[in-house]
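Engineer: Listed below, chain by chain, are the residues.
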Amino acid sequence: MTDGYNFAYLDEQTKRMIRRSVLKAVAIPGYQVPFGSREMPLPYGWGTGGIQVTASIIGADDTLKVIDQGADDTTNAVSIRRFFARTTGVRTTTRTEEATIVQTRHRIPETPLREDQIIVFQVPIPEPLRWLEPREAETRRMHAYSDYAVMHVRLYEDVARYGHIATAYDYPVIVNDRYLMRPSPIPKFDNPKMDGCPALMLFGAGREKRIYAVPPYTSVKSLDFEDHPFRIESWTTTCALCGSGESFLDEVITDDKGGRMFVCSDTDYCGRRQASQGKAAE
Amino acid sequence: MYVAVKGGEAAIDAAHDLLARNRRGNPDVPELALDQISQQLSLAVDRVMTEGSIYDRELAALAIKQARGDLVEAIFLLRAYRTTLPRLAESRPIETGEALVRRRISATFKDLPGGQVLGGTFDYTHRLLDFGLAEPRPVSDKPASARPTDGVEAAIPRVLEFLNAEDLIERERRDEASPPDLTREPLEFPAPRALRLQNLARGDEGFLLSLGYSTQRGYGRNHPFAGEIRTCDVAVEIEPEELGFPITIGEITVTECEMVNQFKGSATEPARFTRGYGLVFGEAERKAMSMALVDRALRASELGEEIAAPAQDQEFVLYHSDSVEASGFVQHLKLPHYVDFQAELNVLRRIRAGTAQGAAAEPAESESAQ
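Residue numbers (this note's numbering), protein chains in the order written: chain A, 1 to 282; chain B, 1 to 370.
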């Protein structure tokens, strides 16, 4: 552990302030709670919101998993995991089911989460209406009145132009039949995992100074139309490494002649499937 | 066969080693000492202290050294250190009227009590490279009496007070309440002036310079005059409750700019001059002037002016002024985004498949609507 700093870097007063914001967020699912975001020793955009949330809830008994793009071994995931290993000394893991806290950027693990787990999302822009209305004072008013017509119009414009909704990630959801929420830039493939999820979901936006939450077993509906129901993408191919036909696949370019392959973005899920197949083959 | 990229950990360690080596440069060249930076790159130190929101020349010099001279990175280093410091006390307002004045100029009056004090300024230098500086030169052997003094040790009245006397300029309202702390509470709108000034003081010099410039070119024009610019050493005092009287805890150098701006008056206000204010650590004068212009522009709504230009728009200015926030969010684009990009690729292929008849889309939308 790093000398001279408090457990998990933040001082206890700050953690308490953040936990109060988290509690408020849990009490009002999908509502963005402003909080006194601190300047962290990692840059804004690298996950300072998620890091502050994790730092304020983590205890010595926790086991932490950090993923970026679904993978445990991407540089930013490595860096954040190291940050907590250094400042807390807690056990870290790459196994989804071993973790008590999963901090993530851009994915929800394929392995279903449980009641005794918390998933912390890193959020760049928390406001779902931001591209439609740049002013915070105005978007807060729109939330207060549940005035979400502009978002429906935006989705309708996609239907009119392309014949279907063309939003691929950060797909807007309604939480607990009340607040419009950005699920953070996860692919819409992951949206169904949020609905009624047994795990607590916390969202931290450091630069924008907002925290929001989806409590366990809360309804999370992706916006759609009766005649254009929400759909997730699937691939005509399966993972080249583990053969999964149910996971989110990353496209990897293998040569400069158009060669490509598809592999699971969730490295833990993929690795475990490969290991069990190896065992079965023995 | 493709192997999932591993070794992020080793790569990061190697990158840190390389960074340290690049920072040091050729080891045959003597290493920079912190006092060299704080003495000879003093304006860089001033900027880092100002935008880093902490007055400590040594730490700022260290940050500049560690950041290889990248001032935005140095500001970030200082901020990340500052955030861990406890708040021990609140200082009393500094008094720039009673100080060692190193520079004091007014563009609105030819002469005035206290006089014009030029100070050490680039203003009237000819920007010709001084090739003589390429080699170390001996310290001036002029006798002390022939050298200019550091400044004027006297209570010099503030220029705008002369206008106050005639009620030609708005009076500053004295606010005894503790100012809000931007680094502890989230920014909320509309932001009071104390909070806006705090934001501007921490704001990126380049951003404020351009915004201030835009007001001069007609985007939120407010007809400024530089009423007074002064650089002075002031005492910082705190008043511990148990003592009941103020004690001086140190001295800092600040540069202050008071702009005088035209105001035609409104239904409730008579025509009079209005003010824009800038204050920075050290001699970051360009920043102080820019800050004063932007401060005045941001007062548009309280003065009943139409808000039409970026510099007058609180959310636009205050949300985008911070170099640490801006630099982080712009540069985070280099982090992996392949999941979102894959999702976008899927959508684009589907759109293209829909337009080009008969082309089979690689990824299809699942029919299992949920």
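If you are wondering where the hints come from, they were derived from the structure by calculation, not from laboratory data.
One or more of the hints may lead you astray.
As the list claims (entries may be wrong) - Computed, partial: chain A to chain B, Cβ under 7 Å:
(1) Arg38
(2) Pro43
(3) Gly45
(4) Thr75
(5) Glu133
(6) Ala137
(7) Arg141
(8) Tyr162
Claimed, not checked - Here are the simulated distance ranges between beta carbons:
(9) B:Ser140 - A:Arg82: 35 to 41 Å
(10) A:Ala144 - B:Asn22: 50 to 56 Å
(11) A:His228 - B:Lys264: 38 to 44 Å
(12) A:His228 - B:Arg87: 38 to 44 Å
(13) A:Phe225 - B:Asp17: 51 to 57 Å
(14) A:Glu97 - B:Gln40: 21 to 27 Å
From the three backbone atoms N, C-alpha and C, an ideal C-beta is built for every residue, glycine too.
Engineer: Of the hints given before, which are not true for this structure?
Structural biologist: 5, 7, 9, 11, 12 and 14
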